[in-house]
Amino acid sequence: MDDGNAGKAAPSPSRTQPMQHGHRPAASEQVPSTLVPETGWHFLHLFYRIDRGALSRLDPETRRQGREELLAALDPGSSPAIEQRQCFAVPGHKADFGLMLAGPDLRAIHGVQVAIEASLLGPALVPSYSFYSITEVSEYVPDAEQYAAILRDREGLDPDSPSYRAKVNAYANRLGPMNRQRLYPEFPDWPCCCFYPMSKMRQGEQNWYLLPFEPRSQMMAEHGRSGMKFAGKVSQVITASTGLDDWEWGVTLWARNPTYLKDIVYTMRFDESSARYALFGDFYFGFLLPPAELLEAIRL
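Position one of the sequence shown corresponds to residue 1 (UniProt numbering), numbered consecutively onward.
Derived from the structure by calculation, the hints contain no laboratory data. As the structure is a computational prediction, the values presented were derived from the model and not from experiment. Be aware that one or more of the hints could be misleading.
Calculated cross-link-like contacts (lysine-lysine; reagent style PhoX-like; alpha-carbon spacing at most 25 Å) [stated by the list, open to error]: (1) Lys262 / Lys233; (2) Lys200 / Lys167; (3) Lys200 / Lys229; (4) Lys262 / Lys167; (5) Lys233 / Lys167; (6) Lys94 / Lys262; (7) Lys94 / Lys167.
Have a look at the derived ranges for each label pair, beta carbon to beta carbon [stated by the list, open to error]: (8) Val36 / Lys229: 16 to 24 Å; (9) Ser56 / Tyr266: 24 to 32 Å; (10) Lys233 / Ala292: 50 to 58 Å.
C-beta: ideal position from N, C-alpha, C; glycine also.
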């Protein structure tokens with residue numbers, strides 16, 4: 001069929017109008033290029049062992065100056081760009097001390113790591129573990145409308161009942177503060193903490209990622225109810241690390257007593273999402289100390 005252009009040479013592409021091989025957004029349409037997360041904060045866990053032999057070879061003045069440099073790196077007030085910072089002693093052989101850093105400025109957070117390792121004490125500090133992640137609100141945290149549907153469909157509550165309305169209103173009121181704590185956590189000033197990485201199973205029939213959303217959501221709801229039994233005893237932050245580190249999530253727990261850390265982890269192991277589908281890395285336990293007390297405790 002003749003379209004009226006037969007025998008005519010095709011027009012040359014304009015130098016200012018390149019041939020399109022798929023839509024490429026104009027510069028004004030492109031998303032910003034930045035290290036600041038769209039939501040949430042960077043979260044870095046650092047763990048170090050002390051090389052006592054290397055430490056003994058440092059002269060007293062070098063050790064004194066190195067301590068001052070290390071104290072400055074650990075000081076929560078030394079960099080306003082880092083929103084949260086805590087240090088802690090680690091019993092056992094995995095590490096001598098650890099540090100947690102959170103905030104929107106990755107360069108500032110990384111700068112603390114560099115300051116520690118480049119300090120005059122750096123030759124005596126051996127990195128034993130680290131974990132980088134970003135805070136998030138889990139996809140399994142329902143909004144108020146989804147929570148209302150859960151009460152109606154899973155728990156069988158009458159939408160016209162006072163109990164239903166009270167539960168929906170209470171959830172809607174606390175959801176905002178809960179999500180802010182998930183994204184922009186305030187580290188509690190409690191005596192001890194625990195960190196461990198985890199992933200979901202992807203082996204054979206035990207493949208979390210092949211399950212439909214609804215059963216995954218129900219299992220995570222059960223998991224959440226188990227955790228709520230420890231409200232006021234344990235505080236947690238779950239951070240996401242898929243594509244960022246070797247595990248998919250990092251779990252950071254603070255407790256008013258070490259026993260509560262043991263109890264919450266044991267209790268939640270029986271939840272189906274954990275018993276069937278969870279993989280865990282090493283656990284790191286520590287007791288929190290101000291920087292100067294930490295250096296005294298570990299004899300650095």
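Cross-check of the supplied hints:
1. Lys262 / Lys233: Holds, because 12 Å separates the two Cα atoms, which is no more than 25 Å.
2. Lys200 / Lys167: Given that 25 Å is the threshold and the Cα spacing comes to 31 Å, the pair is violated.
3. Lys200 / Lys229: Between Lys200 and Lys229 the Cα gap is close to 23 Å, so the pair holds against 25 Å.
4. Lys262 / Lys167: Violated. Lys262 to Lys167 sits at ~31 Å, over the 25 Å cutoff.
5. Lys233 / Lys167: 23 Å, holds
6. Lys94 / Lys262: 18 Å, holds
7. Lys94 / Lys167: Between Lys94 and Lys167 the Cα gap is close to 45 Å, so the pair fails against 25 Å, i.e. violated.
8. Val36 / Lys229: 16 to 24 Å: 36 Å, violated
9. Ser56 / Tyr266: 24 to 32 Å: 41 Å, violated
10. Lys233 / Ala292: 50 to 58 Å: 28 Å, violated
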